[in-house]
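Q: Residues per chain, in single letters:
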Amino acid sequence: MKTMHIAALVVATSSLALAGSWKDYKASFPLFPCTDGWTTCEVDGQTVSPDLVTDREGNPMPSNMRFSFWDFDALPGASPFAGLSDYDGDLGARELKSGGGTEAPEPVRSRDAIPEIPADGFDGIADPEPEPEDAEDYASDAPDDAYPVQTGADRSAGLDTPPAYEEPSEPPRYTPPSMDDLRQARENAAPQEPVPPVAVTPDPVPEPAPPEPDPVTEDAQASAELPPEPPPMAEPVNCDDLRGLETKAILGNLGVDNRKCLDGRLAGASKLTDKDKISRVLISDAKARGDKADWDRLMKRHLEQIDRSDPNMCLAYSISLHKRGVSKATQVIRWADFALENKSAWSGAAHTKNVYSLHQLKSLAASRLWQRAEKRFVKDRNEKNEAKATTYRSMAKQASRAWLDYAKASGRDTKKPLEACVSASGTTEFCPL
Amino acid sequence: MNRAMLLAMMMGCGPKVATDGVPLKVFVLDQAGEPIPTAVVRHPDEADRKRVNAATGHWEGSVLYMEDGSELIFQPNMTIQLEVSAPGYLTKVISYDIKKRRNQFSVALDELNLKADEFDEPIIQFGHDKKKSELGGGAAN
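Just so you know, the sequences run in chain order A and B.
Residue numbering for the first sequence follows this note's numbering, starting at 2 and increasing by one per position.
Residue numbering for the second sequence follows this note's numbering, starting at 7 and increasing by one per position.
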């Protein structure tokens, strides 16, 4: 008796243990069987839902299967391009949009339509490897006229550009073939003739107009998302008016842009007179700014490359070089000599004063060179250093003597020229008053 | 006789007594008392300049050779004139009375005060075109 109870219990529980769980049947009940992604739809009057559908033989099939497993019969989900089902319920005051015409509208490609396939099949995209002859040709079983076949434009005709997109006036509707149509088409299909690939334009669904956004909210959001406004574009600098820039140059307010512009003009000017004018503006600006290095650079460029006939510029540059020490002493003498060549440009007291200064500059520069040469000779007593010391001493003598002579002739103070002359010559006899 | 000859020979082999002149030693220094290594000493009638010792700044001599080939031998109670100069220093002309001995002295030179900031920089004018003069000129009729 006890054994019978145990056996009955085992039999009762084993069936439950061997039974599968709900997960094992999940594939049989798809949540979204409809081709348009919905859970329930109507195809040819038949409601398609996650529940099982039956084929012609009455065999249950998952509702998302396109063909029957047993006899390859078309099921409601055969067409993957079925549109939304018509709503046949009560619309109330609302009404459906109609096509407006009796004729069937031309299929219209949407922006992201499937590319047209050439009429000659998949030659362009076929697998390069040849297919074996005994390979099963599934396409041969497909019906020829089952679908309104659209063939794309003949690409061999040289059409390179894609057809222009046309905005549809009315969204065409696509009616999927019914089950009977599919069956009829399969039965009438010619087995030898391959079916060209089907290019079916999906049913474009007009997008509903977006709701009117709140302007305040939209503006606020847009302003928050927009990047900061870029800085305004710099206006091109016009430096053609030199007279106008002279005022700024005197104050040192020419600015980087104007200086660059003037530099560009100077580089491109063909006339030396134009270069001279531009260079003078730049020099004046550098002087007013107190940029000594820039002033020296501009002066050197002007005197070396543009013009050295202005004794004022030569004198100013010579004074500047003199302040830089003995290393520039030869250049001081050089530019002082250039200034003396054009001393006739001065007149009156300016002439006397400037010429006196030029002689003084030459004398001091030569004296510096002499001192340096003497120190080198004392450190390293050789003929070369001695010759240099002798040469620079002679130069200092001559320059100081010229300074002294001009001081006497112009009636200016002769004390310093005399000291310099006696120092260089070593004797008062060479430097008579 | 032999003794006399020996004595004469011994006297001849002895050191020569300097009879050219009284030695004179001049130290050339700057205002800080440091020797000026580049200084020179010269007599006004002399052609050459004599450089001082670069280490000590002194010059020493007892005779000078003039431009005309004559010699000036330093003798006591003689007054000589010397020009002491150096690059960058004011030249000094000194007169010295030579004594019998210990004739050495120093000369301090002053630096030349030639400041660079004495110069007045000229004003650089802008390059303006000058108007053509309408007065006179032209070819002579």
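Among these hints, one or two may not hold up.
27 Å max Cα-Cα, derived DSSO-like pairs, lysine-lysine [unchecked claim]:
id, chain 1, residue 1, chain 2, residue 2
1, B, Lys136, A, Lys380
2, B, Lys105, A, Lys380
3, A, Lys293, A, Lys329
4, A, Lys409, B, Lys136
5, A, Lys344, B, Lys31
6, A, Lys380, B, Lys137
7, A, Lys385, B, Lys56
8, B, Lys137, A, Lys344
9, B, Lys56, A, Lys354
10, A, Lys301, B, Lys136
11, A, Lys329, A, Lys376
12, A, Lys376, B, Lys56
13, A, Lys249, A, Lys329
14, A, Lys416, B, Lys136
Label pairs and their computed distance ranges (CB to CB) [as the list claims (entries may be wrong)]:
id, chain 1, residue 1, chain 2, residue 2, range
15, A, Lys354, B, Asn119, 13 to 23 Å
16, B, Pro29, A, Gly349, 29 to 39 Å
17, B, Ser112, A, Gly349, 41 to 51 Å
18, B, Pro82, A, Val327, 43 to 53 Å
19, A, Asp414, B, Ser112, 41 to 51 Å
20, B, Gly39, A, Lys301, 18 to 28 Å
21, B, Asp74, A, Asp308, 32 to 42 Å
22, A, Lys354, B, Gly39, 32 to 42 Å
It should be emphasised that the hints constitute simulated quantities derived from the structure, not laboratory data.
Here a beta-carbon is modelled for each residue, glycine too, at the ideal position from N, C-alpha and C.
Q: It remains to establish, for every hint, whether it holds in the given structure.
A: Taking the hints in turn, this is what the structure says about them:
1. B/Lys136 / A/Lys380: Not OK: B/Lys136 and A/Lys380 at ~57 Å, beyond 27 Å, violated.
2. B/Lys105 / A/Lys380: Measuring from Cα to Cα gives roughly 34 Å; hence the hint is violated.
3. A/Lys293 / A/Lys329: Distance of about 15 Å is within 27 Å: holds.
4. A/Lys409 / B/Lys136: violated, 36 Å
5. A/Lys344 / B/Lys31: Cα-Cα ~49 Å, so violated.
6. A/Lys380 / B/Lys137: violated, 60 Å
7. A/Lys385 / B/Lys56: Measuring from Cα to Cα gives roughly 19 Å; hence the hint holds.
8. B/Lys137 / A/Lys344: Status holds; Cα separation ~23 Å.
9. B/Lys56 / A/Lys354: violated, 38 Å
10. A/Lys301 / B/Lys136: Satisfied, since the Cα-Cα distance of roughly 25 Å is no more than 27 Å.
11. A/Lys329 / A/Lys376: Cα-Cα ~17 Å, so holds.
12. A/Lys376 / B/Lys56: holds, 16 Å
13. A/Lys249 / A/Lys329: Cα-Cα ~32 Å, so violated.
14. A/Lys416 / B/Lys136: violated, 41 Å
15. A/Lys354 / B/Asn119: 13 to 23 Å: Hint holds: Cβ distance 20 Å, inside 13 to 23 Å.
16. B/Pro29 / A/Gly349: 29 to 39 Å: violated, 59 Å
17. B/Ser112 / A/Gly349: 41 to 51 Å: Hint holds: Cβ distance 49 Å, inside 41 to 51 Å.
18. B/Pro82 / A/Val327: 43 to 53 Å: holds, 45 Å
19. A/Asp414 / B/Ser112: 41 to 51 Å: violated, 31 Å
20. B/Gly39 / A/Lys301: 18 to 28 Å: Hint violated: Cβ distance 43 Å, outside 18 to 28 Å.
21. B/Asp74 / A/Asp308: 32 to 42 Å: Between B/Asp74 and A/Asp308, where Cβ atoms are some 54 Å apart, the hint is violated.
22. A/Lys354 / B/Gly39: 32 to 42 Å: holds, 39 Å
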